[in-house]
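Build the full structure now, drawing on both the sequences and the hints.
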Amino acid sequence: MLFNTFIFGQSAIYDTSIGSSLTVIDNYLTENIEKGVIPGGVFLVAEKGKIKYFKSFGYDNQSMNKPYENDNIFRIASMTKSLTVVSILQLMEKGKLDLDDPLSKYIPSFKKTMVLDRFNSSDSSYTTVNQKKEITIRNLLTHTSGIYYGSFEKDSLRAVYTKNELMIFGLSTDQFTTEEMVNKIAAAPLAFQPGTHYKYGMNMEVLGRVIEVVSKTSLDKYFSENISGPLGMKDTYFYLPKEKQDRLAKVHASDTVQNIINYPFLEYPKMPAHNHFAGGGGLSSTTLDYATLCMALANEGSLNKKRILKKKTVKLLSEPEFTELDNNNTGFMSNVEEMGFGLGYWVVKKENSAMSPLSKGSFGWGGYFNTKYYIDPKKDIVIVGMTQMFGFNNQPFWQELNKVIYNAID
Numbered sequence: 019m020l021f022n023t024f025i026f027g028q029s030a031i032y033d034t035s036i037g038s039s040l041t042v043i044d045n046y047l048t049e050n051i052e053k054g055v056i057p058g059g060v061f062l063v064a065e066k067g068k069i070k071y072f073k074s075f076g077y078d079n080q081s082m083n084k085p086y087e088n089d090n091i092f093r094i095a096s097m098t099k100s101l102t103v104v105s106i107l108q109l110m111e112k113g114k115l116d117l118d119d120p121l122s123k124y125i126p127s128f129k130k131t132m133v134l135d136r137f138n139s140s141d142s143s144y145t146t147v148n149q150k151k152e153i154t155i156r157n158l159l160t161h162t163s164g165i166y167y168g169s170f171e172k173d174s175l176r177a178v179y180t181k182n183e184l185m186i187f188g189l190s191t192d193q194f195t196t197e198e199m200v201n202k203i204a205a206a207p208l209a210f211q212p213g214t215h216y217k218y219g220m221n222m223e224v225l226g227r228v229i230e231v232v233s234k235t236s237l238d239k240y241f242s243e244n245i246s247g248p249l250g251m252k253d254t255y256f257y258l259p260k261e262k263q264d265r266l267a268k269v270h271a272s273d274t275v276q277n278i279i280n281y282p283f284l285e286y287p288k289m290p291a292h293n294h295f296a297g298g299g300g301l302s303s304t305t306l307d308y309a310t311l312c313m314a315l316a317n318e319g320s321l322n323k324k325r326i327l328k329k330k331t332v333k334l335l336s337e338p339e340f341t342e343l344d345n346n347n348t349g350f351m352s353n354v355e356e357m358g359f360g361l362g363y364w365v366v367k368k369e370n371s372a373m374s375p376l377s378k379g380s381f382g383w384g385g386y387f388n389t390k391y392y393i394d395p396k397k398d399i400v401i402v403g404m405t406q407m408f409g410f411n412n413q414p415f416w417q418e419l420n421k422v423i424y425n426a427i428d
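With positions in the sequence shown counted from 1, the corresponding number in our numbering is that position plus 18.
These are computed hints drawn from the structure, not numbers from a lab. One or more hints might be untrue.
Unchecked claim - No farther apart than 25 Å at their CA atoms in a straight line, the calculated lysine-lysine pairs in the DSS-like style are these: (1) K396 x K328; (2) K114 x K151; (3) K396 x K421; (4) K252 x K68; (5) K66 x K323; (6) K123 x K150; (7) K123 x K202; (8) K397 x K330; (9) K368 x K378; (10) K239 x K252; (11) K323 x K68; (12) K151 x K123; (13) K66 x K378; (14) K130 x K234; (15) K333 x K68; (16) K114 x K239; (17) K421 x K73; (18) K268 x K84; (19) K114 x K330; (20) K262 x K73; (21) K330 x K68; (22) K239 x K288; (23) K66 x K324; (24) K68 x K421; (25) K114 x K130; (26) K68 x K324; (27) K84 x K262; (28) K234 x K252; (29) K114 x K129.
Dropping the structure here:
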């Protein structure tokens, strides 16, 4: 049975014809809540543009007996990157930039960026060398620029970013504007020569500023006018309006899921709106909002007669970018032949049902606070799951969830 419902300004199509077979998802999620793997969350499955599963489980605040709700807003952190990637590709389609353009064409401060050479651990001093090749837009999309996240590193790389005051970037800060943040990144040395390695880093923060320069508008406004607005994503923001802040989910500890973490920096979505937009991690959103974006990408770039990318552009997202780096063991998950990295997303290079049921060409990513999305264009399947946990590292939970979902759909 199919039925339509009007949600958040757009029509969503629900298919309940296989509802009984999807109860296995209920069982899997309930079991993991009882085991303390997750506190709960909101989970959505769509196939061929129809939402087949959309449920909330567990407690956002167990001590107050407050359950998760389908309209909870989550800190999506690195899932912000997908909107930044789409924005860059939109500008490419309009002829306003090329993926192989040097970054300095748009942000001149990167013309002088150096590469780390030697580091002295006794006083944190270091020497640098010149770039052999300039960073390109493609390097940023594929995390091969040499820019990194200091908080994910140890020893010399962490010390260098600490010394250059870059450890505060990634979510939000009221100390610097987007432009100032990016210029500080440009002033710090790169971890390696651009294009020679994959290293996850603040590349999308830099691309967020490129979008502002090229479009001559702020990143939040660009997202609203070109992605979230057209698709009807009404709950996706860098800074939440006051009337929606009570829907922001709590962040739980990964070791004891009943415990809520009250670090002040986690309240960044409730900060007053200011001119700092982290294109790599600053957004908050709902499960339905984000699934709407994913369904548009799974459907060759359009949904509900709103096109955000051309078909041929979306196909680029299913293609791995640097096979040579993978072969040299300097790429993304070089020891896993099934997985690669493309323009901002991991990509399935080779199907392996034992490892994952996802089709070749599937892509996706996740967020630091335990949010995930999977896009399978071949089967037109989208999976979005959102919880809020600090430091979650139980990846088998998501792998097994995917297997449960695909088995139920099949």
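Comparing the hints with the structure gives:
1. Proximity of K396 to K328 is assessed by CA-CA distance (about 17 Å); at most 25 Å being required, the pair is judged to hold.
2. The straight-line distance between the Cα atoms of K114 and K151 is roughly 22 Å, inside the 25 Å bound, and the hint therefore holds.
3. The hinted pair formed by K396 and K421 meets the criterion: a straight-line CA distance of about 16 Å does not exceed 25 Å.
4. Proposed proximity of K252 and K68 is supported: the alpha carbons are some 19 Å apart, at most 25 Å.
5. This hinted pair checks out: K66 and K323 have alpha carbons roughly 14 Å apart, not beyond 25 Å.
6. A C-alpha spacing of about 17 Å is found between K123 and K150, which places the hinted pair at or below 25 Å, so the restraint holds.
7. For a cut-off of 25 Å, the pair hint linking K123 to K202 stands: about 17 Å separates their Cα positions.
8. For the hint linking K397 to K330, the alpha-carbon distance of about 18 Å falls within 25 Å, and the restraint holds.
9. Proximity of K368 to K378 is assessed by CA-CA distance (about 6 Å); at most 25 Å being required, the pair is judged to hold.
10. A distance of roughly 13 Å separates the Cα atoms of K239 and K252; the hinted pair therefore holds under the 25 Å criterion.
11. For the proposed pair K323 and K68, the alpha carbon gap of about 14 Å is at most 25 Å, so the pair holds.
12. Pair hint K151 plus K123 holds up; C-alpha atoms about 14 Å apart against a cutoff of 25 Å.
13. Taking the CA atoms of K66 and K378, the gap is about 17 Å. The hint holds against a cut of 25 Å.
14. Simply put, K130 and K234 have alpha-carbon atoms about 24 Å apart, close enough for the 25 Å limit, and the pair holds.
15. Note on K333 and K68: the hinted pairing holds, with a Cα-Cα distance of about 21 Å set against a maximum of 25 Å.
16. For the given pair, K114 sits about 18 Å from K239 by alpha-carbon distance, which is consistent with the 25 Å threshold.
17. Our distance criterion of 25 Å between C-alpha atoms is met by K421 and K73, whose separation comes to about 18 Å.
18. Under the criterion of a C-alpha separation no larger than 25 Å, the hint pairing K268 with K84 is consistent with the structure, at around 11 Å.
19. Simply put, K114 and K330 have alpha-carbon atoms about 17 Å apart, close enough for the 25 Å limit, and the pair holds.
20. Proposed proximity of K262 and K73 is supported: the alpha carbons are some 20 Å apart, at most 25 Å.
21. Between K330 and K68 the CA atoms are separated by roughly 23 Å; this keeps the pair inside 25 Å, and the hint holds.
22. For the suggested pair K239 and K288, the alpha carbons sit about 18 Å apart, so the restraint of at most 25 Å is met.
23. For the proposed pair K66 and K324, the alpha carbon gap of about 16 Å is at most 25 Å, so the pair holds.
24. Proximity of K68 to K421 is assessed by CA-CA distance (about 20 Å); at most 25 Å being required, the pair is judged to hold.
25. Distance check on the hinted pair: K114 and K130 sit about 24 Å apart at the alpha-carbon level, within 25 Å; holds.
26. Simply put, K68 and K324 have alpha-carbon atoms about 16 Å apart, close enough for the 25 Å limit, and the pair holds.
27. The suggested pairing of K84 with K262 holds, with an alpha-carbon distance near 17 Å, which does not exceed 25 Å.
28. Using a Cα cut-off of 25 Å, the hinted pair K234 and K252 holds, with the two alpha carbons roughly 23 Å apart.
29. Restraint check: the Cα-Cα separation between K114 and K129 comes to about 20 Å, which is no more than 25 Å; the hinted pair holds.
Violation of the numbered hints given earlier is absent; every hint is satisfied by the structure.
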